[in-house]
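A.B. asks: This is what each chain is made of:
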Amino acid sequence: GIQVEQSPPDLILQEGANSTLRCNFSDSVNNLQWFHQNPWGQLINLFYIPSGTKQNGRLSATTVATERYSLLYISSSQTTDSGVYFCAVETAGGTSYGKLTFGQGTILTVHP
Amino acid sequence: NAGVTQTPKFRVLKTGQSMTLLCAQDMNHEYMYWYRQDPGMGLRLIHYSVGEGTTAKGEVPDGYNVSRLKKQNFLLGLESAAPSQTSVYFCASRWDRGNQPQHFGDGTRLSIL
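As they're listed, the protein sequences go chains A and B.
Sequential numbering of the first sequence, starting at 1, is according to my numbering.
Sequential numbering of the second sequence, starting at 1, is according to my numbering.
Isolated chain A (complex conformation):
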């Protein structure tokens, strides 16, 4: 099956710093989503971005489908950005039925 690798596995920042998280995947995809899992365990859907670039406030994401990677940018980080960031992909093809394969996540810690 498709492989999803996220880097870095851990990231520690001072408040106000910028960061880039990366997601590499091994096959063509129909769907790519970025999630933030907050300290209470909730999965927050950040972006649905199978290709192109999107921005939402301090966060933006770019997926280059032809090169099989996606980047999540966090600017002017805040302590509330702490948590685990997951990338999840759906393999391209008519019988995938939307099933997602998740990466291992990037643990982000933002210090005040």
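Please keep in mind that the hints were generated in silico from the structure rather than gathered at the bench.
Among the clues, some could well be false.
[What the hints assert, rightly or not] Label-pair distances were calculated between CB atoms; the ranges are: (1) A:G41 / B:W95: 24 to 32 angstroms; (2) B:D96 / A:G41: 26 to 34 angstroms; (3) A:T20 / B:E79: 44 to 52 angstroms; (4) A:S51 / B:R44: 22 to 30 angstroms; (5) A:Q14 / B:T54: 43 to 51 angstroms; (6) B:N28 / A:G52: 21 to 29 angstroms; (7) A:D10 / B:K70: 40 to 48 angstroms; (8) A:Y48 / B:K14: 37 to 45 angstroms.
No residue lacks a Cβ here, since even glycine has one placed at the ideal position from N, Cα and C.
Once you have looked at the hints, place chain B on chain A.
C.D. replies: Chain B alone, transformed into the frame defined by chain A:
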């Protein structure tokens, strides 16, 4: 509009006990999914359903059963709980047409002693 609702939120079981986790969605989605998340890992797919009355196995189906008797509900059952099933369980749903994002519930934290 509640989205995807999971019950219960927390549960502690003894080895060998059975229980059912309920997932309900009010978005009229055809596709529904059950995932589990173990410490330090991403989510893994247990079972999924592409419509009322259908179910299919995902990546880690052993030890679980599912049912989709109504379109809005997807049930995950543990017939004889084992400590290895201690995990956080997430339900999700999405539209069946086109490429769409999945919407997730808040999770059920299950501990088996």
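A.B. asks: Now tell me, hint by hint, if it's right for this structure.
C.D. replies: Status of each hint after checking the structure:
no. : hint                              : verdict
1   : A:G41 / B:W95: 24 to 32 angstroms : 25 angstroms, holds
2   : B:D96 / A:G41: 26 to 34 angstroms : 28 angstroms, holds
3   : A:T20 / B:E79: 44 to 52 angstroms : 45 angstroms, holds
4   : A:S51 / B:R44: 22 to 30 angstroms : 25 angstroms, holds
5   : A:Q14 / B:T54: 43 to 51 angstroms : 50 angstroms, holds
6   : B:N28 / A:G52: 21 to 29 angstroms : 28 angstroms, holds
7   : A:D10 / B:K70: 40 to 48 angstroms : 42 angstroms, holds
8   : A:Y48 / B:K14: 37 to 45 angstroms : 40 angstroms, holds
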